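K.L.:
Read off the chains here:
2 protein chains.
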Amino acid sequence: MELLYKDSARIDESALKETVQQLNEYREYLNTVLSKNDYDAPECSVNLPVDQQLIGLVKETQKKKISKKLKYMVVIGIGGSSLGTKAVYDAVYGFTDAIDCKRFPRLIFLETVDPEYLRRFKNFLEFEVSKPEEILLNIISKSGTTTETVANAEIIIEALGKKFSEEQIDERIVVTTDENSKLWNVAKLKNLTLLPIPKEVGGRYSVMSPVGLFPLAATGIDIESLCEGAATMRKNCIENELELNPALISAALLFLNAKAGKTINDNFFFAPQLESLGKWYRQLMGESIGKEKNLRDETVNAGITPTVSIGSTDLHSVGQLYLGGPLDKFTTFIWARNQEDPITLPKKLMMPGLVENLQNSSAQGLMEAILEGTKLAYAKKELPFMEIIMPEISAFALGEYLQFKMIEMMYLGKLMDVNTFDQPNVELYKIETRKILKAKKTA
Amino acid sequence: MELLYKDSARIDESALKETVQQLNEYREYLNTVLSKNDYDAPECSVNLPVDQQLIGLVKETQKKKISKKLKYMVVIGIGGSSLGTKAVYDAVYGFTDAIDCKRFPRLIFLETVDPEYLRRFKNFLEFEVSKPEEILLNIISKSGTTTETVANAEIIIEALGKKFSEEQIDERIVVTTDENSKLWNVAKLKNLTLLPIPKEVGGRYSVMSPVGLFPLAATGIDIESLCEGAATMRKNCIENELELNPALISAALLFLNAKAGKTINDNFFFAPQLESLGKWYRQLMGESIGKEKNLRDETVNAGITPTVSIGSTDLHSVGQLYLGGPLDKFTTFIWARNQEDPITLPKKLMMPGLVENLQNSSAQGLMEAILEGTKLAYAKKELPFMEIIMPEISAFALGEYLQFKMIEMMYLGKLMDVNTFDQPNVELYKIETRKILKAKKTA
Numbered sequence: 001m002e003l004l005y006k007d008s009a010r011i012d013e014s015a016l017k018e019t020v021q022q023l024n025e026y027r028e029y030l031n032t033v034l035s036k037n038d039y040d041a042p043e044c045s046v047n048l049p050v051d052q053q054l055i056g057l058v059k060e061t062q063k064k065k066i067s068k069k070l071k072y073m074v075v076i077g078i079g080g081s082s083l084g085t086k087a088v089y090d091a092v093y094g095f096t097d098a099i100d101c102k103r104f105p106r107l108i109f110l111e112t113v114d115p116e117y118l119r120r121f122k123n124f125l126e127f128e129v130s131k132p133e134e135i136l137l138n139i140i141s142k143s144g145t146t147t148e149t150v151a152n153a154e155i156i157i158e159a160l161g162k163k164f165s166e167e168q169i170d171e172r173i174v175v176t177t178d179e180n181s182k183l184w185n186v187a188k189l190k191n192l193t194l195l196p197i198p199k200e201v202g203g204r205y206s207v208m209s210p211v212g213l214f215p216l217a218a219t220g221i222d223i224e225s226l227c228e229g230a231a232t233m234r235k236n237c238i239e240n241e242l243e244l245n246p247a248l249i250s251a252a253l254l255f256l257n258a259k260a261g262k263t264i265n266d267n268f269f270f271a272p273q274l275e276s277l278g279k280w281y282r283q284l285m286g287e288s289i290g291k292e293k294n295l296r297d298e299t300v301n302a303g304i305t306p307t308v309s310i311g312s313t314d315l316h317s318v319g320q321l322y323l324g325g326p327l328d329k330f331t332t333f334i335w336a337r338n339q340e341d342p343i344t345l346p347k348k349l350m351m352p353g354l355v356e357n358l359q360n361s362s363a364q365g366l367m368e369a370i371l372e373g374t375k376l377a378y379a380k381k382e383l384p385f386m387e388i389i390m391p392e393i394s395a396f397a398l399g400e401y402l403q404f405k406m407i408e409m410m411y412l413g414k415l416m417d418v419n420t421f422d423q424p425n426v427e428l429y430k431i432e433t434r435k436i437l438k439a440k441k442t443a
Numbered sequence: 001m002e003l004l005y006k007d008s009a010r011i012d013e014s015a016l017k018e019t020v021q022q023l024n025e026y027r028e029y030l031n032t033v034l035s036k037n038d039y040d041a042p043e044c045s046v047n048l049p050v051d052q053q054l055i056g057l058v059k060e061t062q063k064k065k066i067s068k069k070l071k072y073m074v075v076i077g078i079g080g081s082s083l084g085t086k087a088v089y090d091a092v093y094g095f096t097d098a099i100d101c102k103r104f105p106r107l108i109f110l111e112t113v114d115p116e117y118l119r120r121f122k123n124f125l126e127f128e129v130s131k132p133e134e135i136l137l138n139i140i141s142k143s144g145t146t147t148e149t150v151a152n153a154e155i156i157i158e159a160l161g162k163k164f165s166e167e168q169i170d171e172r173i174v175v176t177t178d179e180n181s182k183l184w185n186v187a188k189l190k191n192l193t194l195l196p197i198p199k200e201v202g203g204r205y206s207v208m209s210p211v212g213l214f215p216l217a218a219t220g221i222d223i224e225s226l227c228e229g230a231a232t233m234r235k236n237c238i239e240n241e242l243e244l245n246p247a248l249i250s251a252a253l254l255f256l257n258a259k260a261g262k263t264i265n266d267n268f269f270f271a272p273q274l275e276s277l278g279k280w281y282r283q284l285m286g287e288s289i290g291k292e293k294n295l296r297d298e299t300v301n302a303g304i305t306p307t308v309s310i311g312s313t314d315l316h317s318v319g320q321l322y323l324g325g326p327l328d329k330f331t332t333f334i335w336a337r338n339q340e341d342p343i344t345l346p347k348k349l350m351m352p353g354l355v356e357n358l359q360n361s362s363a364q365g366l367m368e369a370i371l372e373g374t375k376l377a378y379a380k381k382e383l384p385f386m387e388i389i390m391p392e393i394s395a396f397a398l399g400e401y402l403q404f405k406m407i408e409m410m411y412l413g414k415l416m417d418v419n420t421f422d423q424p425n426v427e428l429y430k431i432e433t434r435k436i437l438k439a440k441k442t443a
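Chains A and B, in that order, give the protein sequences. Residue numbers for the first sequence follow the working numbering, so the first one is 1 and each next one is one higher. Residue numbers for the second sequence follow the working numbering, so the first one is 1 and each next one is one higher.
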């Protein structure tokens, strides 16, 4: 992975170094978290990719539960229980699922409780699933009490009950949750297969735990390679030398640009298959640093609003806003090198004369020219940006990226003086919702 | 459609009235655009939904080109040439395409020129399309010279050439473009079927032109109902009386909130099938009011940044940011009433005791309770919002919504003193890209 930012990020080198300097102590602390290699600190998610025991448990469960007959892996989870898995799955397979109906096993996500989606999903179960071994339900909830997840699980299990016996269904469920959560205990009583989440690992930092690893392994993604990518990156991200440590640089640039009024961070992916990776980051940044209070309990309403854009598509949508509109954005361009490029335009065009210099171009060449043109336009308008180049879109490279961004966020939270690992304001709507549900019941 | 905003939008009623007052002249002007019923003014897109001749032409082309054998309608277009179609298609069918592989005809969009997507798409053509009448290519480009669209068309037509004769392929192409554009003339020479876009109708306002109507009709969506919804709404949106005119209210609220520092407009859809409708609006708002210069050519860097969120999913992602983070957002909650609700939770839960008051709830009831809880939390935090309630998710209701938002944007552009219909800064990156492509050729 490469990170390019000099000149383009429009941050003075000395300001950058000074900011990074502030992180020195925390960087050393992260170093000790890595060395201790346990799950005590809030930052402990960095130890997941080298936890051979946990990875081994996932692979064992995979052996027990997944056969070549598996067609549909249903992830019942929301937020941190689905976004990381979706990021990796969509990047590798999922972004073409609608035109690739015969590739199995497929991952299907049940996140919210939309009645129309559920109606169609029940239809799908009725007509497309004929044997228990064709389907696996992975019910994922860290707390074990997530309303949408529990509701979806109940609805789907009841629907499957019309086809299979209770015993058959129970055999096709894997529950991923905190050890000794309510869900853990209920599942244990019912003798369901369980996978644990280390208690200190927060939802948005859990992609390298069984939360992400099990469903990804089930669909044939090389989770060892994913973890290797993450393990490589976590070492880089505790390096003292600035140029070796992309997380330090990136956190400092985000912080300094936010201080200069660039309070939106647009993640502009020139690869449509990475849209879900952007949505994963949206939670990571939104929840980690979007905070009403700082660490001294002062009201600060801190945060940077993450947005996700897709190149070149969104140049034809929000490109005008980005190039002409408010100067409130710091952009991260992300793209992947491609080793091979089998897609070229015909030598003899069917409709010549419409676009200059097109014949014999390649799709990759066009994308690169458009990205290059976009960066030049941003530079001309003095719009700040950095650029992340992935070596390719693979399990390894995605592991690197995910780990890079999680450690970047820890540094950024530190700079912003907020608790990077909690989400206290979310309780607000949950409390109100529980009141409403209770009132409905007693009505 | 209902628009609720009192108290919640946190705008003084007198400030609202005063702002609306400023729009009186423009509202009367819009009235004359409607009465003239032609395509002369930049606002003329409002006349599309009542243009029986153009709608008739679409239906005629549908009769000629679409049979029961059609399986795949491929929309080759980007930006305004795809987003409106995708908004309606995804809302009605597309959001479950990946779990509903046997429903035909399906719409497939080719927007950017991603090599991996193209590689898989060519595979798909090879294995899933066996007869010419199973596929139709709708090549859509207003200017007729959109790089991505022309490139994609060339690549796909060449790929089809391995299966079908040139004559067979030509018969399966419909080209939608401005009359007498370069593409129009090339297509005419080749005797391809053509559909016109009225010249003054801008891309982001073109969903009710053949751009949107033809592919939507091809997939079985009731375009007459869509246009009726739009026709009903365009009348409301020129009403003098404030309470009858949601576009006036909404534009004024967006404007006043932006003036008060709420420069992000989050479109929070409590219906996952409306995500593409949000992306359509993202272009509409981004391109229409994201402007470097105002009408007096002064540099203003005007604009509001549109974001799209999905309830309840994103409460588990950016909910913390929205409730605790920077006070820079004005939220539009959008949801649809459902007449029927077939999805209820089991009477006897499989995993009882995890979430209170769950048994016997309905999916719709849960969604409503979560939305209600969210609105209460926003109100407690004094976060401004308005609420749009669609009567249902149908062609008619979507037509209403699209038209409402297009006229809202015209009013908003007027208030912001910008040209609502151009996108001059987009040229910046295009010029640079053309230079790069030229240099590559001569290299």
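It should be emphasised that the hints constitute simulated quantities derived from the structure, not laboratory data. One thing to keep in mind: the hints can contain errors.
Because identical chains share one entry, a pair is satisfied inside a single copy or across any pair of copies.
Cut-off 16 Å, straight-line C-alpha distance, at most; resulting in silico cross-link-like pairs (EDC-like, lysine to aspartate or glutamate) [said to hold, decoys possible]: (1) K381 x E179; (2) K440 x E368; (3) K259 x E18; (4) K36 x E128; (5) K68 x D297; (6) K441 x E368; (7) K190 x D170; (8) K71 x D100; (9) K438 x E368; (10) K435 x E356; (11) K190 x E239; (12) K435 x E368; (13) K430 x E224.
Just so you know, these numbers come straight off a predicted model, no measurement behind them.
K.L.:
For every hint, state whether the structure bears it out.
P.N.:
Tested hints:
With identical chains, the CA atoms of K381 and E179 are never at most 16 Å apart, being 52 Å at best within one copy and 34 Å at best between copies. Taking CA atoms no more than 16 Å apart as the test, K440 paired with E368 passes between copies only; the shortest distance there is 11 Å, against 56 Å inside one copy. Taking CA atoms no more than 16 Å apart as the test, K259 paired with E18 passes inside one copy only; the shortest distance there is 14 Å, against 35 Å between copies. In this assembly of identical chains, the alpha carbons of K36 and E128 never lie at most 16 Å apart, being 48 Å within a copy and 54 Å across copies at closest.
In the homo-oligomer, the alpha carbons of K68 and D297 never lie at most 16 Å apart, since the shortest distance is 53 Å inside one protomer and 65 Å across protomers. Proximity of K441 to E368 under the C-alpha cut-off of 16 Å is restricted to the inter-copy arrangement: shortest distance 14 Å between copies versus 57 Å within a copy. When the C-alpha separation of K190 and D170 is checked against a cutoff of 16 Å, the pair qualifies only within one copy, where the shortest distance is 8 Å, while the shortest distance between copies is 61 Å. Taking identical chains as interchangeable, the C-alpha atoms of K71 and D100 lie at most 16 Å apart whether they share a chain (13 Å) or sit on different chains (14 Å).
Taking the shortest Cα distances, K438 and E368 sit within 16 Å of each other only across copies (13 Å), while inside one copy they are farther apart (55 Å). Taking identical chains as interchangeable, the C-alpha atoms of K435 and E356 lie at most 16 Å apart only when they sit on different chains, with a minimum of 10 Å there against 63 Å within one chain. Proximity of K190 to E239 under the C-alpha cut-off of 16 Å is found in neither arrangement, the shortest distances being 47 Å within a copy and 62 Å between copies. With identical chains, the CA atoms of K435 and E368 are at most 16 Å apart between copies only, with a shortest distance of 13 Å across copies and 53 Å within one.
For a Cα distance limit of 16 Å, the shortest separation of K430 from E224 qualifies neither inside one copy, at 37 Å, nor across copies, at 42 Å.
The structure fails to meet hints 1, 4, 5, 11, 13 from the earlier list, while all remaining hints are met.
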